[in-house]
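Student: Listed below are the residues making up each chain.
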Amino acid sequence: MADSRFREPVELTQAAKRHVRFSPWNLLLLVPLLAVLFPGFYNSDDPRLFEIPFFYWYQLAAIALGVACTYVVYRMTRGDR
Amino acid sequence: MDDVKTTELVIFVALFLLVTVMGFVASRWRRARSLEHLDEWGLGGRNFGGWITWFLIGGDLYTAYTFVAVPALVFAAGAVGFFAVPYTIIVYPIVFLAAARLWSVSHRHGYVTPADFVRGRHGSGTLALAIAVTGIVATMPYIALQLVGIEAVLKAMGITGEWPIIIAFAILAAYTYQSGLRAPALIAFVKDALIYLVVLAAIIYIPYKLGGWGEIFGAADEKFQGSENPGDGILLSDAALLGYSTLAFGSALALFIYPHSVTALLAARSRDVIKRNMAFLPAYTLILGLLALLGYMAIAAGVTPIESGGTPDNNTVVPLLYDAMFADWFAGVAFGAIAIGALVPAAIMSIAAANLWTRNVYKEYLKTDATPEEEARMSKLASLVVKAGAVAVILVLDPQFSIDLQLIGGVIILQTLPAIVLGLYTRWYHSIGLLVGWAAGLGVGLWMLYVTDNPLTGKEHFAGALFKWSKLGIDSDSTIYTGLVALGVNLLVATVISAVLRAVGVPAGRDTTVETDYHVEAGDPGVGPMVADTAITERAAADREPVGTRE
Numbered sequence: 020m021a022d023s024r025f026r027e028p029v030e031l032t033q034a035a036k037r038h039v040r041f042s043p044w045n046l047l048l049l050v051p052l053l054a055v056l057f058p059g060f061y062n063s064d065d066p067r068l069f070e071i072p073f074f075y076w077y078q079l080a081a082i083a084l085g086v087a088c089t090y091v092v093y094r095m096t097r098g099d100r
Numbered sequence: 002m003d004d005v006k007t008t009e010l011v012i013f014v015a016l017f018l019l020v021t022v023m024g025f026v027a028s029r030w031r032r033a034r035s036l037e038h039l040d041e042w043g044l045g046g047r048n049f050g051g052w053i054t055w056f057l058i059g060g061d062l063y064t065a066y067t068f069v070a071v072p073a074l075v076f077a078a079g080a081v082g083f084f085a086v087p088y089t090i091i092v093y094p095i096v097f098l099a100a101a102r103l104w105s106v107s108h109r110h111g112y113v114t115p116a117d118f119v120r121g122r123h124g125s126g127t128l129a130l131a132i133a134v135t136g137i138v139a140t141m142p143y144i145a146l147q148l149v150g151i152e153a154v155l156k157a158m159g160i161t162g163e164w165p166i167i168i169a170f171a172i173l174a175a176y177t178y179q180s181g182l183r184a185p186a187l188i189a190f191v192k193d194a195l196i197y198l199v200v201l202a203a204i205i206y207i208p209y210k211l212g213g214w215g216e217i218f219g220a221a222d223e224k225f226q227g228s229e230n231p232g233d234g235i236l237l238s239d240a241a242l243l244g245y246s247t248l249a250f251g252s253a254l255a256l257f258i259y260p261h262s263v264t265a266l267l268a269a270r271s272r273d274v275i276k277r278n279m280a281f282l283p284a285y286t287l288i289l290g291l292l293a294l295l296g297y298m299a300i301a302a303g304v305t306p307i308e309s310g311g312t313p314d315n316n317t318v319v320p321l322l323y324d325a326m327f328a329d330w331f332a333g334v335a336f337g338a339i340a341i342g343a344l345v346p347a348a349i350m351s352i353a354a355a356n357l358w359t360r361n362v363y364k365e366y367l368k369t370d371a372t373p374e375e376e377a378r379m380s381k382l383a384s385l386v387v388k389a390g391a392v393a394v395i396l397v398l399d400p401q402f403s404i405d406l407q408l409i410g411g412v413i414i415l416q417t418l419p420a421i422v423l424g425l426y427t428r429w430y431h432s433i434g435l436l437v438g439w440a441a442g443l444g445v446g447l448w449m450l451y452v453t454d455n456p457l458t459g460k461e462h463f464a465g466a467l468f469k470w471s472k473l474g475i476d477s478d479s480t481i482y483t484g485l486v487a488l489g490v491n492l493l494v495a496t497v498i499s500a501v502l503r504a505v506g507v508p509a510g511r512d513t514t515v516e517t518d519y520h521v522e523a524g525d526p527g528v529g530p531m532v533a534d535t536a537i538t539e540r541a542a543a544d545r546e547p548v549g550t551r552e
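Read top to bottom, the protein sequences are chains X and R.
Note that this note's numbering has the first sequence beginning at 20, numbered continuously upward.
Note that this note's numbering has the second sequence beginning at 2, numbered continuously upward.
Just so you know, these hints were derived from the structure itself, not from any lab.
These figures come from a predicted structure and were not determined experimentally.
Just so you know, even glycine gets a beta-carbon here, dropped at the ideal spot from N, CA and C.
Treat the hints with caution; some may be incorrect.
Stated by the list, open to error - DEER-style ranges, computed between Cβ atoms: (1) X/Pro43 to R/Gly159: 51 to 61 angstroms; (2) X/Gly98 to R/Glu216: 49 to 59 angstroms; (3) R/Thr427 to X/Pro43: 20 to 30 angstroms; (4) R/Ala202 to X/Phe57: 11 to 21 angstroms; (5) R/Trp52 to X/Phe60: 46 to 56 angstroms.
Stated by the list, open to error - Below, in silico cross-link-like pairs of lysine to any residue (SDA-like), each with a Cα-Cα straight-line distance of 25 angstroms or less: (6) R/Lys210 to X/Leu56; (7) R/Lys224 to X/Trp76; (8) R/Lys224 to X/Phe69; (9) R/Lys210 to X/Asp64; (10) R/Lys210 to X/Gly59; (11) R/Lys210 to X/Glu70; (12) R/Lys469 to X/Leu56; (13) R/Lys224 to X/Leu79; (14) R/Lys460 to X/Trp76; (15) R/Lys224 to X/Leu68; (16) R/Lys224 to X/Ala83; (17) R/Lys224 to X/Phe73; (18) R/Lys472 to R/Leu406; (19) R/Lys469 to X/Ile71; (20) R/Lys469 to X/Trp76; (21) R/Lys224 to X/Ser63.
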């Protein structure tokens, strides 16, 4: 597919080449999607937290879940290309 | 609301002057030898680290219009307005991998716009032009809408008329012209700090003053129970579930292919900076979620939106809430935060649109031998034209027109996804297939938007991005996000046509990228600020002479 006649392909260092891979940790990125893309599961008033309906505090809590998953993937794949 | 609120206005003007000074001083910040190069003027030197990138992308994506319109939607319709939260939760995991690939290939080849990448990857100037024009058309009304954010604040302070907005945008245009992306990057620090301050203050203080969250949700529930709209309420109706999740998912797919998002990404120093930011940008999502709840607080506080032209302008509810709940000086800070929140994205969007024009129209078709200096000069001029156009659109046309256009913008920008995002992963798609798919997606999307009506407001066309299945004769109350359906059609057409063209053996355009380009990191050979000077001329060289001439 790559036509090297037209571009001088940049040589990744040997060390860098070993890091070109798909880490299974990346699958963790799917968790936040599964958590919020099915609103039927959290579209309810109960249980309330600080008098806030479940629908709202669940989604606000899902922000923390998103941060946690993305951060773990970032840490575990750091240096991967 | 005739009296001008002096204290609020003084604070507001002071904050505005502060960022104006910063905007001009920014040209000396992280100073380059010369700003007469798109890597400098348009991408701030391509060297922003983690913190600057965090403020810049946050300031870029979470616009004043968002801050005003999301609570306004929650105020008017309830739970459906909260879709902005799942939307901005999932966007980061979705783009985590693709954004890093885009950064790498762009830094390797000196790409400034998403259309530059499409040109290099698919070898088709026509496809790149289609992507560039789509980007410009989607961005223009978005810039105009930032003015709506400023207008809402001015109205709440009792100021009406056209001059304040014209002056604000003229100043913005001047320092963007001078400092380029450095101006919004520097101002974003002030914008975001102020936004965090005023939102956190509101979320702690207002519920206390209104008697707690139970009271707030109770008042909202009471309002929606009494309304004749079956679609509102503090929970979603069953018919709204699919619309809610598809709107969140489709909007998330669209967000980072907007040209101004790409601009902010490419200004980052490294892949690592981008990936790290994807983990921490959701801090802004928390702010947006809390802001959305201000819509309910406005209901509980009995805020009545200011009427404009006989209809209530819901965009004024957040400014009015601050005005009612806080001391004048703090309301002034909040208004300043919203207005500055309009300036940062407006600046980045105009830079992004100007770069598309310069790189993918001017340089590609009008003056193919333009030097880097000429490109920078053209982009600076184009940024002025873009802003003047945005002001004209707001002042001459009905603001509703911009809102309609922005709605359309989200749907049409999604149609650039196959060429850009699939292109990051595969060359299987044929440029002609992508082009026909793009056109099919646009056609379907525009038709769906056109037939979307709203019986409650009497609007017959373009009354929202949620398409009713009943329009297809399907007996259902359910809706689905128009952009996602159009994208489905686009992908289907692009796939079928690409398969046919490949089977017949129609030659595809020349791919000037190689697989390792998508994996390089800052510091690798051939990557970094130094390569940009040669990369600008590389395309012309590659077209003339089929031999790599770099280094």
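Student: Could you run down the list of hints and mark each one as holding or not?
Tutor: Tested hints:
1. X/Pro43 to R/Gly159: 51 to 61 angstroms: The hinted range 51 to 61 angstroms holds for proline 43 of chain X and glycine 159 of chain R, with Cβ atoms some 59 angstroms apart.
2. X/Gly98 to R/Glu216: 49 to 59 angstroms: Roughly 51 angstroms apart at Cβ, these two residues keep to the hinted range, so it holds.
3. R/Thr427 to X/Pro43: 20 to 30 angstroms: Holds - the Cβ-Cβ distance for threonine 427 of chain R and proline 43 of chain X, about 21 angstroms, lies within 20 to 30 angstroms.
4. R/Ala202 to X/Phe57: 11 to 21 angstroms: About 34 angstroms separates the Cβ atoms of alanine 202 of chain R and phenylalanine 57 of chain X, which means 11 to 21 angstroms is violated.
5. R/Trp52 to X/Phe60: 46 to 56 angstroms: Distance hint for tryptophan 52 of chain R, phenylalanine 60 of chain X is violated at roughly 36 angstroms.
6. R/Lys210 to X/Leu56: Roughly 34 angstroms separates the two Cα atoms, so the pair is violated.
7. R/Lys224 to X/Trp76: 21 angstroms, holds
8. R/Lys224 to X/Phe69: With a Cα-Cα distance of about 21 angstroms, the restraint between lysine 224 of chain R and phenylalanine 69 of chain X holds, given a limit of 25 angstroms.
9. R/Lys210 to X/Asp64: 23 angstroms, holds
10. R/Lys210 to X/Gly59: 33 angstroms, violated
11. R/Lys210 to X/Glu70: Holds, because 15 angstroms separates the two Cα atoms, which is no more than 25 angstroms.
12. R/Lys469 to X/Leu56: 20 angstroms, holds
13. R/Lys224 to X/Leu79: Between lysine 224 of chain R and leucine 79 of chain X the Cα gap is close to 23 angstroms, so the pair holds against 25 angstroms.
14. R/Lys460 to X/Trp76: Not satisfied, since the Cα-Cα distance of roughly 34 angstroms exceeds 25 angstroms.
15. R/Lys224 to X/Leu68: Holds. Lysine 224 of chain R to leucine 68 of chain X sits at ~22 angstroms (cutoff 25 angstroms).
16. R/Lys224 to X/Ala83: Outside the cut-off at roughly 31 angstroms; violated.
17. R/Lys224 to X/Phe73: 19 angstroms, holds
18. R/Lys472 to R/Leu406: Between lysine 472 of chain R and leucine 406 of chain R the Cα gap is close to 22 angstroms, so the pair holds against 25 angstroms.
19. R/Lys469 to X/Ile71: Violated - the C-alpha atoms of isoleucine 71 of chain X and lysine 469 of chain R are around 31 angstroms apart, more than 25 angstroms.
20. R/Lys469 to X/Trp76: Since the Cα atoms of lysine 469 of chain R and tryptophan 76 of chain X sit roughly 29 angstroms apart, the hinted pair is violated (cutoff 25 angstroms).
21. R/Lys224 to X/Ser63: 18 angstroms, holds
Violated hints, in rising order: 4, 5, 6, 10, 14, 16, 19 and 20; the structure is consistent with all others.
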